[in-house]
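Visitor: So you can see what is in the structure, the chains are spelled out below.
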Amino acid sequence: MAGPELAIDNLHVAVDGTPVLKGLTLSIRGGEVHAVMGPNGTGKSTLAQTIMGHPRYQVTGGSITLDGQDLLAMKTDARARAGLFLAMQYPNEVSGVTTANFLRTALNARRDAKDPVRLKEFRDELDHAMDILSIDHGFANRYLNEGFSGGEKKRNEILQMLLLKPRIAVLDEIDSGLDIDAVRIVAQGVDASRSPELGLLIITHYQRILNYIKPDYVHIVYDGRVVKSGGPELAETLESRGYEWIREELVPAVEGSPA
Amino acid sequence: MSTPELLTLPDEPTVLADRRRAARDLYDALPVPTRQRTPLKARRLEAIPYREPAAADLDEVPAALRSAPDSAGHVVLSNGHVVVCQLSEAARQSGVRLLSLAQAAHQDAALVSEHLGSLVAVDTDRYTAANAAFWRDGVLLVVPQGIAVAEPITIVHWVGAAAAGVFPRTLIVARDDASVAVVETYLGDPTDSHRVLVSATTEVIAGPGSHVSVSALQQLPPGAEAFLRRRGRAQHDARLDWATAEFGAALSVAGHHTDLAESGARTTSYTVTFGSAAQHFDYDAEVVHIGPHTTSDMRARGVMSGRSRSIFTGLSEIRKGARRTDARQKEETLMLSPDARADAIPSLLIDDNDVFAAHAASAGPIDELAVYYLASRGIPRADAIDLLVRGFLGPVVERIALPAVQNRIWQAIDAKLQEERGRGTL
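If you're matching them up, the sequences are chains A and B in order. Each residue of the first sequence is one higher than the one before, starting from 1 at the first, in our numbering. Each residue of the second sequence is one higher than the one before, starting from 1001 at the first, in our numbering.
FYI, nobody ran anything at the bench for these hints, they're computed from the structure. Check before you lean on any hint, since a few could be wrong.
Claimed, not checked - Result set (DSSO-like, lysine-lysine): computed pairs, CA atoms no more than 30 Å apart in a straight line: (1) Lys1416(B) - Lys75(A); (2) Lys1330(B) - Lys153(A); (3) Lys114(A) - Lys1416(B).
As the list claims (entries may be wrong) - Stretch by stretch, here's where chain B covers chain A in the computed footprint (C-beta under 8 Å, at least three residues): (4) 49–58; (5) 80–90; (6) 93–100; (7) 105–119.
For every residue, glycine included, the Cβ atom is placed at its ideal position computed from N, Cα and C.
Extracted from the complex, chain B is given alone in its bound form:
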């Protein structure tokens, strides 16, 4: 077992250094978490040395990812180090701040220490503690009051061949009536199968009347064992939209959690999953209605092939006093193989009377009669299944407001389907 050194960043304010030390103690104290349907102990995650490479490496990142001409801002992290951080002139002039978290920690220690770790509890489990103890860098985005950032802010987390442990953090603060879309992608070389532990944390503070959309596309390399935690807090009349997609990694324990903290807050959550070979996805989508007149709409669709395994746990919690809330969730899985397994576990926890809540979950194999119908028009079986898979995922993909995110998800679906054809499983 390899125990990483406690990291302190140069010029790190005492308050942050103290938290890091406390997180390190928690990391040592916490056991490998027990998840009901994900046998983590058997994966021997402790055998992976939890070390971020010491130096930043831009060369390792494919050139096409280093810039994003259609973004208002673009950040690239290579193995946890910020190697690119660009912000458009227009955004800069309107007061938007986009910077490396390490830099922000000493430039704006008050803001960082107020919000960093305010939503994702360090003691959630051993891997959130690892993130809090060992993070080297990340992203801080602050959108000032009343500012609408027209183009998305894109963040690329590149996990390269040199990485053994990667622990990035993202902190998004949208002030009153601000509006911004953030797209985080977790990427690596699909032919790189060395084991790497990734524990990433994203926190979103959606101020009163703000509209924040966060998209997260997980296409990590096949050796990655990932823990991706996202948590947001929507204040009065704020809107927080999530679009998440799980395609890569060997293991991904991921999820997003939204607190609808004050009246009128809204959230939507759309998740697309495509598992193949022996991939294992364990996803938690949670929304807590705290304020009255809050609404949530959670939808997830997944396709599972090979011997892949998915668990999707949806939770809609309505606290006492959150009257006149509307909470809906729906999870559907399409099974391409008899050896794949999917569990969708929707749950509602309701502690107020004057509410609307609904949940549904289903899983089933490809409709052979539909395949026959398409075949009767000359479409070969593999093409028919390809059409049906796209048709199945489409209604959730198309709910995502950002066309760029839709396109990226379709590209990821294309790649997955291509892979399945290569394996001859379609």
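Just chain A, same shape as in the assembly:
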């Protein structure tokens, strides 16, 4: 089948009545890596959560489609089964539910009830993915994210991605709070999943992770819109010139006074 395509068109989103996204347009195809960068508070995480269907975010205009299917008409779990994945910035701790049990339930949700994933097959695949991410196998039997360090939580998100094999994955600040070794391990995991069947959207504040996962496109979001798109060089410019540059040069109309 043709590679996946996520199309976001003129998206407007409000949180508790306050507009956050104000006409954002972006399109991601299988095999591509897109990076969305921007200062804090410009709507990056809102974009990620809206794609996944978080109940707190109200879409007030525009559309999101996956392979032409209207994602906004689907519930979160149906979006996930359609091939969407969001690696969360702050994954929930789920007490009493082991990582292994949770993942098996998630895999079975994608299969016919009469044909659940075989335990041995599942265990092997889980062990393999854990090895890629240097996760101790014992984590499979720990409660999901409970008592995990920041780095362990982020690795666990990528572990889930490796097992669930999404067609479009959104990684929300997957590098935040990680030391350089952890960033490298997480990036390795993401790299291991790259294929023409997977489109990646990496949301990040820093350029650092892009040294490990080379983006094809970089988009700068400011005040709820994409204000500039370009190739990987844009991330480097941003790194050397900082976000002040955007404020001063790209959106003078939005930001009246210089910092």
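Fit chain B to the supplied structure of chain A, relying on the hints for placement.
Guide: Chain B alone, transformed into the frame defined by chain A:
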């Protein structure tokens, strides 16, 4: 209102017959009890004829319950009558005694009259008095000094369609350094909704150095109005472990009470509750530290759905002189419905200084962010809530030492969750 006939068992020793008569007088004298959060009068319990069916009926008990190959001993009571009483040869040879209480009453009148009613006071309320006056049969278990019974003793209380009043009694006597696990289940046909009054009493004497574990699973039929009283006394260095689960009945006023009577005695108490529809559970878990260096750990977790209602009253009492004791309790409730209600009332009564005591209680709805997180991985809402419910109850279930009891509780949780799905409430 139906007043049952005073029952006397054939060959009942005078002392027991006298007690029965006294209990009957108390039953007549005591009013319907007032419980702060359980309006008993409104339930019109007096309209239920308090009559045990006259004859034993084994046929009514599902075949699968009649034997228990993995048990050291197995007793089945059908509507209050003992219909099966088996004890393994190994247990018999080591001197363990497991017999019908009616039979024990005349075979071993001294022992029965010494211990029966020694812990659960007849005048606790009208329904304990009813049990003491109208009991027809029950179970006596005696484990001799130093004997460890490797497999559990299982007791099934079957409440069938013919029953109107069921009043079984269980008496467990563990001598010095004995060890035994007893599993009592209260069962009935889940499609049988006729009203039936069940008042059961279990007394446990845990001798010095003994280890007794008592599990009680309440899965009574939906028309049952139950009063389940359990009380144990742990002597020097004895250990008494309770695992109780409340799943069935329309009303269950239940609880367990432990006296840590002498130094070094310990108790653990794990309770799991799952209420649905209009079920009403009123549970008291109490521990009294009398001896020094005694410890207690009480944990309860409950899930409440529909318009169900639960009250869990935990009491840890530390008497003067019970120094160096350690008493902990924690009660948590997960609410699946805005129409359900749960009250957890933990309390500490402390009359000595040199002690450690802690209590905590909480109740809250399902964590919608966790549901969203699970949904973001493709898990539908009902399955997500199912996982969260199991995850919530798991930590208490897994503290129960007996795998067989854990399994039964998980099966009961499965059945409850299945029921909730059928109702579309997940």
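Visitor: Examine the segment 105–119 of chain A: at least three residues should have C-beta closer than 8 Å to a C-beta of chain B.
Guide: holds (count 4)
Visitor: Against chain B, does the segment 93–100 of chain A show at least 3 residues with beta-carbon separation below 8 Å?
Guide: Answer holds; 4 residues pass the 8 Å Cβ test.
Visitor: For the pair supplied as a hint, Lys1330(B) and Lys153(A), is the alpha-carbon distance within the 30 Å limit?
Guide: holds (28 Å)
Visitor: The segment 49–58 of chain A covered by chain B? Criterion: 3 or more residues, Cβ-Cβ distance below 8 Å.
Guide: holds (count 4)
Visitor: Assess, step by step, whether the Cα of Lys114(A) is no farther than 30 Å from the Cα of Lys1416(B), and give holds or violated.
Guide: holds (22 Å)
Visitor: Go check the segment 80–90 of chain A versus chain B for me, would you? Three or more residues, Cβ under 8 Å, otherwise it fails.
Guide: holds (count 5)
Visitor: Are Lys1416(B) and Lys75(A) close enough, with their CA atoms no more than 30 Å apart?
Guide: Given that 30 Å is the threshold and the Cα spacing comes to 26 Å, the pair holds.
Comparing the model with each numbered hint stated earlier shows that all of them hold.
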